[in-house]
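Engineer: Sequence:
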Amino acid sequence: MVPRRSSTLALASAIALTAALVPPLQQAPAWAAPCEEPLVYGSPATELPKQLWPQERLNFTDAWQHTRGKGVKVAVVDSGVDTGHPQLRGHVKAYDVTKAGLEDCVGHGTLVAGIIGAQDLRGQGIPFIGVAPEAEIISVKMAVKSQGNQPGWAAAGIRKAVDLGAKVINISSQSPDLPDLRKAVHYAQQRDVVIVSVAGNLTDQTKQTPQKAYPASYPGVISVGALNKDGTLAGFSNTVTPVSVTAPGQNVISTWPRNSYKIDNGTSLAAPYIAGTAALIRSFNPNLNYMQVKQRIEQTADGAQVEGTGSGVVNPLRAVTTVGTGGTGKPPAAVGVQRVSIDQPPPDDRLGRNLALSFTAASLAAAAII
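Numbers in our numbering are just positions in the sequence shown, counted from 1, shifted up by 487.
Some hints here could point you the wrong way.
Said to hold, decoys possible - Simulated pairs of lysine to any residue, SDA-like, Cα-Cα distance not exceeding 20 Å:
{"#": "1", "residue 1": "537", "residue 2": "573"}
{"#": "2", "residue 1": "560", "residue 2": "616"}
{"#": "3", "residue 1": "560", "residue 2": "679"}
{"#": "4", "residue 1": "537", "residue 2": "612"}
{"#": "5", "residue 1": "557", "residue 2": "546"}
{"#": "6", "residue 1": "586", "residue 2": "646"}
{"#": "7", "residue 1": "670", "residue 2": "705"}
{"#": "8", "residue 1": "537", "residue 2": "607"}
{"#": "9", "residue 1": "557", "residue 2": "581"}
{"#": "10", "residue 1": "580", "residue 2": "592"}
{"#": "11", "residue 1": "580", "residue 2": "590"}
{"#": "12", "residue 1": "699", "residue 2": "652"}
{"#": "13", "residue 1": "699", "residue 2": "650"}
{"#": "14", "residue 1": "560", "residue 2": "537"}
{"#": "15", "residue 1": "670", "residue 2": "699"}
{"#": "16", "residue 1": "580", "residue 2": "651"}
{"#": "17", "residue 1": "699", "residue 2": "651"}
{"#": "18", "residue 1": "580", "residue 2": "621"}
{"#": "19", "residue 1": "557", "residue 2": "576"}
{"#": "20", "residue 1": "560", "residue 2": "651"}
{"#": "21", "residue 1": "580", "residue 2": "665"}
{"#": "22", "residue 1": "699", "residue 2": "667"}
{"#": "23", "residue 1": "537", "residue 2": "616"}
{"#": "24", "residue 1": "557", "residue 2": "771"}
{"#": "25", "residue 1": "560", "residue 2": "699"}
{"#": "26", "residue 1": "670", "residue 2": "650"}
{"#": "27", "residue 1": "699", "residue 2": "794"}
{"#": "28", "residue 1": "557", "residue 2": "808"}
{"#": "29", "residue 1": "670", "residue 2": "706"}
{"#": "30", "residue 1": "560", "residue 2": "674"}
{"#": "31", "residue 1": "557", "residue 2": "589"}
{"#": "32", "residue 1": "586", "residue 2": "637"}
{"#": "33", "residue 1": "586", "residue 2": "573"}
{"#": "34", "residue 1": "560", "residue 2": "745"}
{"#": "35", "residue 1": "560", "residue 2": "667"}
{"#": "36", "residue 1": "580", "residue 2": "652"}
Think of the hints as simulated: they come from the structure by calculation, not from any bench.
Please construct the entire structure, taking both the sequences and the accompanying hints into account.
Structural biologist: As structure tokens, then:
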């Protein structure tokens, strides 16, 4: 048994969080978000703050006049998804490569799926929304609570998602460079599938030299770093992994099992903002290939400021609508990125004042999620 430490923090009335310190293992894929005791209870929709800074910062609803992601299948290769959540119900098809059943016993996949495609229920007083609410979510479970992640499950999950017709795959986990994983990514790219993954998380507690995260470091994969609420790069966001773009990864609210919501931190939560944007692009510009989608997201980003931010902060509206940024469809040339200031988020968002969280090991072994 791996020793754990957990803590509970409050958001608004209450949003439960836990964090665990787990020594890294070498071969099993690792969650790219702080480890938590599954399954803590989240908060009901009535306790959500009215302003959610990631939504205000990215303004992805501005792209909805053009598309909401209709016709695009987005795979969440993760711990499963709570398909009965009110904001996901009827929009998720669930599959499993672990032979452990479809239930999300960890909660991680439900968080990711909500950011990508949670339904717009603002008319019912729920402020949280997904980036591409008309996209179809395919949940491919590749992690379980009881026995952890086997290294081959991530690769199997990617292949399963491709065979199910996914045009965008989000994989918010990190791993060493494994042959089966590399082959699975190639399998997807050969079939014109956009893959979005995480740059990974760092922590001083590991006392180890940071390593590249995979599949994010493979050619053609959109690698995502995490932003703080103030527009700076999150201290936990891995700068060793080559980063394509950044998105909010601090104090992010999303869907949680048992009809609830949770706030969390990590590059795991930044990546689905990019996957949702990729779904919007593929819906509005269906003739773009996967590399052109990647290049469009990079070329329309708000600009880079420091190491680890790649091309800058994703700009969903520009990524969807800007003419002439489809790219060549080939890997971009090795040229310097123009350095400009990253715009600051709205100043009156209350969310950041409600949370303080210590980050856990970047290489949290999935085998330790027990």
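Engineer: Indicate, hint by hint, whether the structure satisfies it.
Structural biologist: Hints, one by one, checked against the model:
1. Between residue 537 and residue 573, the direct Cα distance comes to roughly 18 Å. Compliance with the 20 Å bound is thereby established for this hinted pair.
2. Between residue 560 and residue 616 the CA atoms are separated by roughly 18 Å; this keeps the pair inside 20 Å, and the hint holds.
3. Taking the CA atoms of residue 560 and residue 679, the gap is near 13 Å; set against the 20 Å cutoff, the hint holds.
4. For the suggested pair residue 537 and residue 612, the alpha carbons sit about 9 Å apart, so the restraint of at most 20 Å is met.
5. Restraint check for residue 557 and residue 546: satisfied, since their Cα atoms lie roughly 19 Å apart, inside the 20 Å limit.
6. A distance of roughly 16 Å separates the Cα atoms of residue 586 and residue 646; the hinted pair therefore holds under the 20 Å criterion.
7. Of the supplied pair hints, the one linking residue 670 and residue 705 holds, its CA atoms being roughly 10 Å apart against a limit of 20 Å.
8. Restraint check for residue 537 and residue 607: the C-alpha separation of about 14 Å stays at or below 20 Å, so the hint holds.
9. Using a Cα cut-off of 20 Å, the hinted pair residue 557 and residue 581 holds, with the two alpha carbons roughly 19 Å apart.
10. For a cut-off of 20 Å, the pair hint linking residue 580 to residue 592 stands: about 17 Å separates their Cα positions.
11. Only pairs whose Cα atoms come within 20 Å are accepted, and residue 580 paired with residue 590 is accepted, the gap being roughly 12 Å.
12. Of the pairs offered as hints, the one joining residue 699 and residue 652 is violated, with about 29 Å between alpha carbons and a cut-off of 20 Å exceeded.
13. Distance hint between residue 699 and residue 650 is unfulfilled; the C-alpha atoms sit about 28 Å from each other, more than 20 Å.
14. Distance hint between residue 560 and residue 537 is unfulfilled; the C-alpha atoms sit about 30 Å from each other, more than 20 Å.
15. Distance restraint check for residue 670 and residue 699: the Cα-Cα separation of roughly 18 Å lies within the 20 Å cut-off, and the hinted pair is therefore satisfied.
16. Annotation: proposed proximity of residue 580 to residue 651 holds, straight-line Cα distance about 10 Å (limit 20 Å).
17. Under the criterion of a C-alpha separation no larger than 20 Å, the hint pairing residue 699 with residue 651 is inconsistent with the structure, at around 29 Å.
18. Note on residue 580 and residue 621: the hinted pairing holds, with a Cα-Cα distance of about 14 Å set against a maximum of 20 Å.
19. A distance of roughly 16 Å separates the Cα atoms of residue 557 and residue 576; the hinted pair therefore holds under the 20 Å criterion.
20. Between residue 560 and residue 651 the CA atoms are separated by roughly 9 Å; this keeps the pair inside 20 Å, and the hint holds.
21. With a C-alpha separation of about 28 Å, the suggested pair residue 580 and residue 665 falls outside the 20 Å cut-off, and the hint is violated.
22. Only pairs whose Cα atoms come within 20 Å are accepted, and residue 699 paired with residue 667 is accepted, the gap being roughly 17 Å.
23. Restraint check for residue 537 and residue 616: satisfied, since their Cα atoms lie roughly 12 Å apart, inside the 20 Å limit.
24. A threshold of 20 Å between alpha carbons decides the hint, and for residue 557 with residue 771 the separation of about 9 Å falls inside it, so the pair holds.
25. For the hint linking residue 560 to residue 699, the alpha-carbon distance of about 28 Å lies beyond 20 Å, and the restraint is violated.
26. Restraint check for residue 670 and residue 650: satisfied, since their Cα atoms lie roughly 15 Å apart, inside the 20 Å limit.
27. Restraint check for residue 699 and residue 794: satisfied, since their Cα atoms lie roughly 14 Å apart, inside the 20 Å limit.
28. At most 20 Å may separate the alpha-carbon atoms for a hinted pair to count; residue 557 and residue 808 meet this at roughly 16 Å.
29. For the suggested pair residue 670 and residue 706, the alpha carbons sit about 12 Å apart, so the restraint of at most 20 Å is met.
30. For a cut-off of 20 Å, the pair hint linking residue 560 to residue 674 stands: about 17 Å separates their Cα positions.
31. With a CA separation close to 25 Å, the supplied pair residue 557 and residue 589 exceeds the 20 Å bound.
32. For the proposed pair residue 586 and residue 637, the alpha carbon gap of about 12 Å is at most 20 Å, so the pair holds.
33. Taking the CA atoms of residue 586 and residue 573, the gap is near 26 Å; set against the 20 Å cutoff, the hint is violated.
34. With a CA separation close to 24 Å, the supplied pair residue 560 and residue 745 exceeds the 20 Å bound.
35. Annotation: proposed proximity of residue 560 to residue 667 is violated, straight-line Cα distance about 24 Å (limit 20 Å).
36. Between the alpha carbons of residue 580 and residue 652 the distance comes to roughly 12 Å, so the proposed pair stays at or under 20 Å and holds.
In this structure, the earlier hints numbered 12, 13, 14, 17, 21, 25, 31, 33, 34 and 35 are contradicted, and the remaining ones agree with it.
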